[in-house]
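Taken in sequence, the protein lines are chains A and B. Note that our numbering has the first sequence beginning at 1, numbered continuously upward. Note that our numbering has the second sequence beginning at 1, numbered continuously upward.
Warning: the hint list may mix true and false statements.
Stretches of chain A that chain B covers, calculated by requiring three or more beta carbons in the stretch to come under 8 angstroms of a beta carbon on chain B [as the list claims (entries may be wrong)]:
(1) 78-92
(2) 107-116
(3) 290-304
Worth flagging that the hints you see were computed from the coordinates, not collected in a lab. Given the structure is predicted, the values throughout are model-derived calculations rather than measurements. Every residue gets a Cβ at the ideal spot worked out from N, C-alpha and C, and that includes glycine.
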Amino acid sequence: MEFVDTLINILNSTIRVSVPLLLACLAGLYSERAGIFDIGLEGKMLAGAFAGAAAAAVYGSAWIGLGMAVLVSVALALVHGFASITHRGNQIVSGVAINFIAAGSTIILGQAWFNQGGRTPSLPPEGRFGSNTLPFAEELRGVPVIGQIYSGLLSGHSLLAYAAFLAVPFTWWVLFRTRFGLRLRAVGENPAAVDTAGISVTWLRYRAVICTGILTGLAGSYMSLSQNAGFVKDMSAGRGFIALAALIFAKWRPVPAMFACLLFGFLDAMAIRYQGIALPMIGKIPVQFMQALPYVLTVILLAGFIGKAIPPRAGGVPYVKER
Amino acid sequence: MSNPYAKLPAWADYGLIPLINLLVAFFVAGLVVLLVGENPFHAAVILVDGAFGSGQGIAYTLYYATNFIFTGLAVAVAFHCGLFNIGGEGQAYIAGLGVALVALTFDSVLPWWLTFPLAVLGAAAFGALWALIPAYLQAKRGSHIVITTIMFNFIAASIMVYMLVDVLKPRGSMAPQTRQLLEGAQLPKLGWILSEFGLTVRPSAPLNLTFLLALLMAFLVWVLIWRTKLGYEIRTMGFSPKAARYAGISEARIIIITMMISGALAGMMALNPIMGDQYRLSLDFVAGAGFVGIAVALMGRSHPVGIVPAAILFGMLYQGGAELAFEMPNISRDMIVIIQGLVILFAGALEHMFRPWVQAVFASFSPRSVGMNQPKGERA
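Please model the entire structure based on the sequences and the hints provided.
Here it is in structure tokens:
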């Protein structure tokens, strides 16, 4: 029984650390499927986390915080769109710029507004998305395995966590079962064809970028309004890049994206739990090895040693209408 | 693909437009200062005074600039080949290991002028090797260099934490750093040159010999890119990979060589703090210099003549920013990160934003100067 408890514990923390990854990963999915590379996920998450925590601290409401996070994150996404769609700038350069602007301004503004060394004030319960207990979770706690999974693993997460996992089938439906999704995928593969069909490439790509902004805003809010009670500087700590890695790992598909995020989350949870503990046969694994593993796996995948990750064909290429 | 941008006189292309972009970036940064509740003009005065107002300030400014010349050159060389090396940070970090290994081995045996060349080789070799793997993967397996170099930054950080905490840390010490380097691995300071001009520089000012190495490298990069066959091949490759292939240039070979040069240049940055100032390898000594290199290269239009002043400008921001943080506690050094981001945005991603306006102005004065031609621009 102890083994099941430990396992459920690890899986539970896996879910918790996977949520921001998953939201950011789906965010990247919309943009990259539309042919706009986005390495600014990290910056948008961070800005969203800060805006959410700041608004929630001032107004004392988690929902206002969430709204503000989405607003700021969408604004940054539009800057990326403005640079890479309207002005046909280099998408990588633009993403790098957004990461820096977010990293710097969250600290500067946080310090100027709250005077707590770049933190926002600790949020009261009503300023956060607390854990939700699913129906009958308490009653079923005693039932072996099934009850334990239900009440220990599935129940007790915040609203945003459930939203993140619901966003996976939703994204799949949008991309593969709606007209918008079909066009979005088409514009990432062959924008000229979409243009010939009389559909605006610019507007379509802008909508994709806005979707990215909304989801990174949610990812940021999860970090500062749910996982933690407030904003701490640099709290995204490279998660935007892990999400990017997961997106490549999933070959730009929603359901595999979820599993990739869970896998990377699992590695993270294991690294936190087993730091410095010697394993039988292998000996002591340095924590740093576990932390580097997602990146190493992504590099190996990109190199084509485990299947081949082929990005959307028009990704990274600005569209120039023929004249 | 038809290019929508018309030709401008060279001075407008290389002088006016970058200047406008830079001014807009600083204007937006000024707005942030205003938002924080300080006077941007007053802040600018403190910043410039802190960086250039005293001999000590100039020595620090040039010390920081040394780092950025190396990383800026690294990014620029890759740009010329059409590659975007975001991995300067990781390459410099790993190169620190190369420098430390050489320095720790020889500092008690050799004088500094023998340790130094060996350490340069160590830095260049480790930096180049860390760039080799992403380059190989790009050249042979088609994985995107931007993503692999980002991943390699994180992997480098993990490796260095492991090396410093578990391997290189002296027994009984708590701080994750190597032992203090002895005199045989301490580079001479250059503060005395500033003293010759009547400025007061304390002996502790960190400006050191590496600065001259950086200037030498800037010159060598110019020679390499514009005066050698290899440089010609690199530029051809960056301009049009298809044309390069027709000309019989091996794509894989050029990508790998360019990235190794880029990594070696980024790696040499490690010499400056380790052998020139701190005399030890410590955690996170690169402190974002690899990323500043991106802004520096974009601002300097990937030309050494532009990169050196751009690096000095960022050196000024670093040094003056530290002074500014004393005077205006609300504006910490993180302000530089914002400026860096804005420079990358306006001088990089939005570099053509003001072009149509400038063109309109030129066209109204002399329509003949605005014909159709390909502008030169960096691509990733």
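Hint check results:
1. 78-92: This one holds; 10 residues, not fewer than the three required, reach chain B with a Cβ under 8 angstroms.
2. 107-116: holds (count 5)
3. 290-304: Coverage by chain B holds here, the residue count being 9 at a Cβ distance below 8 angstroms.
Violated hints are absent here; each numbered hint is respected by the structure.
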